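Chemist: If you want the building blocks of each chain, they are given just below.
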Amino acid sequence: MSKLETTRRTFIQGAGILAGLTALPGVTWSATKDVLKIRVEKDIAVLDPAYETGMLEEAVIRSIFVSLIELEDIRSGSNWKLAAAESMDQIDAKTIRFKLREGLNWTGEYGPVTAEDVKYSFERVADPELKSPWAYQFEKLDHVEVIDERTGIIHLKEPFAPLWLMSLPWYGGHIVCKAAVEKAGGKFNVETPATCGPFVVEKWQPKEKLILVANPDWTGPKPDFNKIEFIIVEDNESALLAYEAGAFDFSKISISAVPRIQKNPPADTTLLMAQSSRYVWISLNLDHPKLKDERVRQALQHAFDGDSVLAGAYNNLVERSAGVVQPGTKSSRAENKINKVDYDKARSLLDEAGASDLMVKLSVLNTTTDMAIAQIVQATMTQAGITVEIEPYDEGVYWTLGDQASGDGWKEQEMILMAFNGGLDPAENLTWFRPEQIGVWNWSRYNSPEFESLYQQGLVETDVEKRATIYHKMEMMMEESGGFIFITHEPLVAVHRSNIAPVILADNQLVPAATKLFT
Amino acid sequence: MSLNSTSHARSPLRNNLLVNIKAHLASIWNTVLQISRDPIGALGLFLVTTIIFIAFFADFLMPYDPNQINVLNRLADPTWEHWLGTDNLGRDSFSRVLIGTRVAMQVAIVSIGLAMVGGIVLGLISGYGPKWLDSLLVLIFDSMSSLPMIMFAMAVITVLGPGTYTLIIVIVSVSIPGYARMIRAQTLSLKNSEFILAERSLNASSGRIIFNHLLPNVVGSLVILASMDMPVVIMLEAGLSFLGLGIKPPDASWGTILNDGYSFIRDSPVLIIAGGGPLILATLGFTFLGESLRDALDPKLKKRGSK
Chain A
1 MSKLETTRRT FIQGAGILAG LTALPGVTWS ATKDVLKIRV EKDIAVLDPA YETGMLEEAV
61 IRSIFVSLIE LEDIRSGSNW KLAAAESMDQ IDAKTIRFKL REGLNWTGEY GPVTAEDVKY
121 SFERVADPEL KSPWAYQFEK LDHVEVIDER TGIIHLKEPF APLWLMSLPW YGGHIVCKAA
181 VEKAGGKFNV ETPATCGPFV VEKWQPKEKL ILVANPDWTG PKPDFNKIEF IIVEDNESAL
241 LAYEAGAFDF SKISISAVPR IQKNPPADTT LLMAQSSRYV WISLNLDHPK LKDERVRQAL
301 QHAFDGDSVL AGAYNNLVER SAGVVQPGTK SSRAENKINK VDYDKARSLL DEAGASDLMV
361 KLSVLNTTTD MAIAQIVQAT MTQAGITVEI EPYDEGVYWT LGDQASGDGW KEQEMILMAF
421 NGGLDPAENL TWFRPEQIGV WNWSRYNSPE FESLYQQGLV ETDVEKRATI YHKMEMMMEE
481 SGGFIFITHE PLVAVHRSNI APVILADNQL VPAATKLFT
Chain B
1 MSLNSTSHAR SPLRNNLLVN IKAHLASIWN TVLQISRDPI GALGLFLVTT IIFIAFFADF
61 LMPYDPNQIN VLNRLADPTW EHWLGTDNLG RDSFSRVLIG TRVAMQVAIV SIGLAMVGGI
121 VLGLISGYGP KWLDSLLVLI FDSMSSLPMI MFAMAVITVL GPGTYTLIIV IVSVSIPGYA
181 RMIRAQTLSL KNSEFILAER SLNASSGRII FNHLLPNVVG SLVILASMDM PVVIMLEAGL
241 SFLGLGIKPP DASWGTILND GYSFIRDSPV LIIAGGGPLI LATLGFTFLG ESLRDALDPK
301 LKKRGSK
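Quick note, the sequences are listed as chains A and B, same order. According to the numbering used here, the first sequence is numbered sequentially starting from 1. According to the numbering used here, the second sequence is numbered sequentially starting from 1.
Hint data in this document are derived by calculation from the structure and do not stem from the laboratory. On a predicted model such as this, the values are computed, not experimentally measured, just so you know. We put the CB at the ideal spot given by N, CA and C, even for glycine. Be careful, since some hints might not be right.
In silico DSS-like links for lysine-lysine, alpha-carbon gap of 27 Å or less [to be verified]:
1) A:K411 with B:K248
2) A:K227 with A:K42
3) B:K248 with A:K361
4) A:K81 with A:K178
5) A:K222 with A:K178
6) B:K248 with A:K290
7) A:K330 with A:K94
8) A:K466 with A:K157
9) A:K516 with A:K203
Computed from the model, here is a short list of chain B residues facing chain A with C-beta under 10 Å [said to hold, decoys possible]:
10) N88
11) Y262
12) I265
13) R266
14) D267
Here are some chain B residues the structure puts well away from chain A; computed CB gaps all over 12 Å [said to hold, decoys possible]:
15) N20
16) F60
17) V71
18) V110
19) R208
20) G220
21) I273
All chains, full assembly: derive it from the sequences and hints.
Modeler: Below you can see the structure in the form of structure tokens.
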């Protein structure tokens, strides 16, 4: 047997041949039938639908569990369609009858997916004692009645308008296996006790990758890919370089890269730009002594130059938001009450309030976009005589800033640049500003019983026009409180191989099982 | 009359002082000449002098306000108007590099200066003081030295928040033990030398011994160490600023410019050069100067080198 020896000369020759091959005009990258490689920014921590925090966790959960209904691509209007349910019948405003598809089975020895599992899953999320962050998605759930193995009836305490967009197809709506979860102690982290979706987890290498493979027992529509690889790359620029080198088939990219990609797109690549539900705003701490005076808060709103922020941080790819509700929907406001920068007005308000030399702290997450926004705000507000001091924080510290459970640090916060991944139903995005969320996610500490009352009215109102009026009023109240400066809804910007058709949901996550491959 | 007598009494002192100053200036001049004769030393001296000049006169040299945002002219290529182009917020990169030089020098000089003072005081106390105090201080120095610098910096910044003062606190805290240990070692070796014993036998006070005899003899090597530490401190400041833990926006630092350059490397590669270039030059300059200074001031080393 001849011995394979690598000398410097043979190595260089080999490298030269490889380099030559990649330089050939015909050599391009495309997704293969077997594997879909998706770049993601963050790793998973929990795969229990009741306690997940979104992002990759939700993308994986959507692939390994099922929900009664699911949403279509955000670009096609996000209509819902049947998924685990073969039928959904609304008997009246408070009663919905469902029947599960036949052939849905749990992995292991847990048998078929049953109506009992649906009951367990929904009531578990709604149970206040379990403190699921998604409990609000089922807050009007009374109970689920099991009729037979595959049939059940959802009974609501009151009509619940967001049920079809915010509850059943969304985070809290995934069905878990009652027997398996109870056996696991009532909750689980990353070790899923039993799954039933089109994919199963094959391998998880923390902070590197997570691999899903097709579930051999899946009887639903067969996905176009047999294997999904989620590869974790935090940095957008590195991810784009890796994409160009053929490492992924889909990758989100930074907004700043868009002009470059438009001008000189990588081979076989489609640039995806979609309206996302991620809303960005500045939270003003209403309980901070410096911001107690309404005129000071209004001055800050008047001194905010939205146009410069949109141009400098978002390349003018997005428009100014007038609230947190998804733009382009009936429930979203057309524009802010204070819509244009007015330094003179800001200055006169500050003079009236006796705060002409106002100095405020703006806490931000230490990312390129957030820092750019903060610096533009800092530079522009100077023109109204306001000194903005930027406090950049790493993620670990940042997400505790307004959290009352993390100590008294919230008392020191003045303004915080924030962004949440939202949903399609207005209630999904407005729920975080209710009084019960003060010190949890309501970092403005906006405390309005009227807002809560309107929120409750919005939940039970099924007339679209009346509902929209309620949400317009709620967003107007938020703005008038002076606790919020609405900035924008960020766009989803990504590149993908031209031979795939990704399906994207409102939370910017790709749905691997629905993504199509063109051969 | 009394005034006359006083002025008469001061004259020899004044003369003495003048002689001393002249001697010191001559010694410094000789050292500078010696460094200039060494090509590496001359290059180091040139770079450091230039950097210090820029740091002092940045206000006059900057063509634009370094924090002036112009979002319509983002990531512009270098032109005659903007020699190093503009950053992601349309700020003039050249002006930011110049003001970043001042920030780097301010942090480095203030931090090292404070660390030297702290190191001298603690080192002298440790070396000349009672044994128990020496043991306690050595334990503290060792504990401080065992902390990983970056981790320590990040912990302090998390508690105090980022900013120039926090950076200085971090650098001073991590630098003092090294300086103090060196001063302590030199004090221990000198305190039983003949000239100190002679002073003691003449009932000289501890203060006189420390300030008149020990301090002048130990401070020279500390200057060499400090000059060698300058690039380390500059790199630390730039590194922490790169990570967003150092200089607060909108102020420019070479680290923040480098970070902007990294984020937009595909759009404007010149930003990386704008942030990285001065960092490399400053590091080389202070390293070359420090090594040359060591050769010039350490006679033992010179002898060893000539062999």
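Chemist: Provide an ascending list of the numbers of those earlier hints which the structure does not satisfy.
Modeler: 17
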